Amino acid sequence: MTTQFFYLALSPMGEKLPYFYSKVFKITYQHFKDLVEQQQELEAAFRVYNHQPEEYKAEWSVGTDGEEQAAADRNDEIRAWQMDETKIVRTINWP
0 MTTQFFYLAL
10 SPMGEKLPYF
20 YSKVFKITYQ
30 HFKDLVEQQQ
40 ELEAAFRVYN
50 HQPEEYKAEW
60 SVGTDGEEQA
70 AADRNDEIRA
80 WQMDETKIVR
90 TINWP
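Reminder that position 19 of the sequence shown reads as 18 in numbering that gives the first Met the number 0, one-by-one numbering, no gaps.
Each statement offered as a hint is correct.
Quick list of in silico lysine-lysine cross-link-like pairs, DSS-like style, CA-CA up to 30 Å: (1) 22 with 56; (2) 56 with 25; (3) 56 with 86; (4) 86 with 22; (5) 32 with 56; (6) 22 with 32; (7) 86 with 25.
If you are wondering where the hints come from, they were derived from the structure by calculation, not from laboratory data.
Note that this is a predicted model, so its numbers are computed, not measured.
Model the full structure from these sequences, guided by the hints.
Okay, structure coming up:
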């Protein structure tokens with residue numbers, strides 16, 4: 000079994016402006032197929048929880064071994080986006 004930490008970014012299809020970031024997810028899996036299955040389930044629940052329409056493209060980060068590192072990577076990406084004044088970053092909630 001492998002445990003890795005990932006974050007999910009949702010961006011509107013056809014637009015480049017906003018990016019939506021979730022919290023860091025901890026996923027334990029045995030095979031890559033299991034990982035993809037779990038990510039799809041989390042993504043579906045995430046969309047439902049945040050009332051997001053389906054026309055959002057979802058991108059998962061590459062998993063890291065530590066939660067702190069995954070959070071730091073996500074925060075670095077958010078900061079990079081915030082430096083471009085034409086882009087808006089909204090952090091989406093997860094229970």
